[in-house]
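Novice: Per the numbering used here, residue 925 is the first one in the sequence shown, and the count goes up by one each step.
Derived from the structure by calculation, the hints contain no laboratory data.
Here the structure is a predicted model, which means the values were calculated and not measured.
Fair warning: there could be bad hints in the mix.
Stated by the list, open to error - The calculated lysine to any residue pairs, modelled on SDA-like cross-linking and capped at a C-alpha distance of 25 Å, are:
| no. | residue 1 | residue 2 |
| --- | --- | --- |
| 1 | Lys1172 | Ile1083 |
| 2 | Lys964 | Met925 |
| 3 | Lys1172 | Ser1196 |
| 4 | Lys1106 | Val1207 |
| 5 | Lys964 | Arg1014 |
| 6 | Lys1106 | Gly1119 |
| 7 | Lys1172 | Ala1057 |
| 8 | Lys1172 | Thr1104 |
| 9 | Lys1209 | Thr1104 |
| 10 | Lys1209 | Arg1014 |
| 11 | Lys1209 | Ser1196 |
| 12 | Lys1209 | Arg1084 |
| 13 | Lys1106 | Leu1082 |
| 14 | Lys1106 | Glu1085 |
| 15 | Lys964 | Ala1012 |
| 16 | Lys1209 | Ala1095 |
| 17 | Lys1209 | Gln1169 |
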Amino acid sequence: MRQLRAFVAVYHTGSISAAAQALSLTQPAVTMLVRELEAKLGISLFDRSTRSIRRTDAAARAIGYAQRALAEMEGLSISMSELAGVHAGRVRVVATAAVAQAMLPPAMRRFLDRHPGVSLEIEEVGPAEFVTAMEASHIDFGVGTLEAPVPALRAEVLIRETLVAAALPSATFPGGGAMTWKQLGGLPMVTVRSGYGIRGSIEAAAREAGVQLRIEHEVSLLSTAVALAVNGLGVVVVPPSIVAQEAKLVTQRLMRPTIERVIGAHFRRDRSLSPAAASFLEVLKQTVRNG
């Protein structure tokens, strides 16, 4: 690239001394760079005399290529600087539907206010498709809960929560306190189907407490279960962050046993995050920490 710059400068100024001044180099340095380029190309670009330098036909043909190469390199440098400075780029995140609705919007708003030139795409999936979706080549990282470790993924914990029961306030469900799983067993429940997301934790807790749960409605998505609870169709068991924005619902901490649920950011071990993706992850962590 230094040789091309020297050639272009000499071509347009018609003088080694003028080119050296424009490039902030010495005349011998410019002469050496041009000669190195001529040696690589196997042809003379200038005819030299003691008093002048004249462009050859080869120089006239080469100048367009040289200028385009320099322009492409400058464009590459600008483009990479924009990505590194999070002024451009694209971030693609996959999340389970309930997490996408409850946790991501505030972080998205903060991130896009800071980086309006970045495209931010959120792909919502059901719990059963979460791991498969994260393995897609276009995804930067995933946000949600893994039911079991996945060797190809590494995780960074965003939030640890103890499951709560949530429902519309009533005499049997006043909210603001705590209840046991045995007490929960007497109330109608809405939950996800067996094999989906949080259901495994709910069933394990019920077995430990020796409780037969009264499940009235089963759905595929936790967000749908929450919507049913908002409409008075039963009690839903969730991490508290999932229902934090549901003003109509009150919660009770579940005890005997308490079940911890971890929501994390999950990454492919063989893939690094782009500057934009890393920046969004940092904003997401700050948003979760600040509530």
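Novice: Does alanine 1057 sit within 25 Å of lysine 1172, going by the straight-line distance between their CA atoms?
Specialist: Violated: lysine 1172 and alanine 1057 sit about 33 Å apart, past 25 Å.
Novice: Can you confirm whether the C-alpha distance between lysine 1209 and arginine 1014 stays at or below 25 Å?
Specialist: holds, 19 Å
Novice: Are the Cα positions of lysine 1209 and threonine 1104 separated by 25 Å at most?
Specialist: violated, 31 Å
Novice: Assess, step by step, whether the Cα of lysine 1106 is no farther than 25 Å from the Cα of valine 1207, and give holds or violated.
Specialist: Cα-Cα ~40 Å, so violated.
Novice: Does the alpha-carbon distance linking lysine 1172 and serine 1196 stay inside the 25 Å limit?
Specialist: violated, 41 Å
Novice: Given the proposed pairing of lysine 964 with arginine 1014, does the C-alpha separation stay at or below 25 Å?
Specialist: Given pair lysine 964, arginine 1014 is violated - Cα atoms ~40 Å apart, limit 25 Å.
Novice: Need the status of pair lysine 1172, threonine 1104: alpha-carbon distance at most 25 Å?
Specialist: The hint holds at about 22 Å.
Novice: Hint check: lysine 1209 vs glutamine 1169, CA-CA at most 25 Å. Holds or violated?
Specialist: holds, 18 Å
Novice: So if I understand the rule, the pair passes when the alpha-carbon distance is 25 Å or less; does lysine 1209 with arginine 1084 pass?
Specialist: The given pair, whose Cα atoms are some 13 Å apart, holds under the 25 Å limit.
Novice: Hinted pair, alpha-carbon criterion (25 Å max): lysine 1209, serine 1196. Please report holds or violated.
Specialist: holds, 18 Å
Novice: Does glycine 1119 sit within 25 Å of lysine 1106, going by the straight-line distance between their CA atoms?
Specialist: The given pair, whose Cα atoms are some 23 Å apart, holds under the 25 Å limit.
Novice: Lysine 1209 and alanine 1095 were given as a pair; does the straight-line alpha-carbon distance stay at or below 25 Å?
Specialist: violated, 37 Å
This entry does not satisfy hints 3, 4, 5, 7, 9, 13, 15 and 16, going by the numbered hints stated previously.
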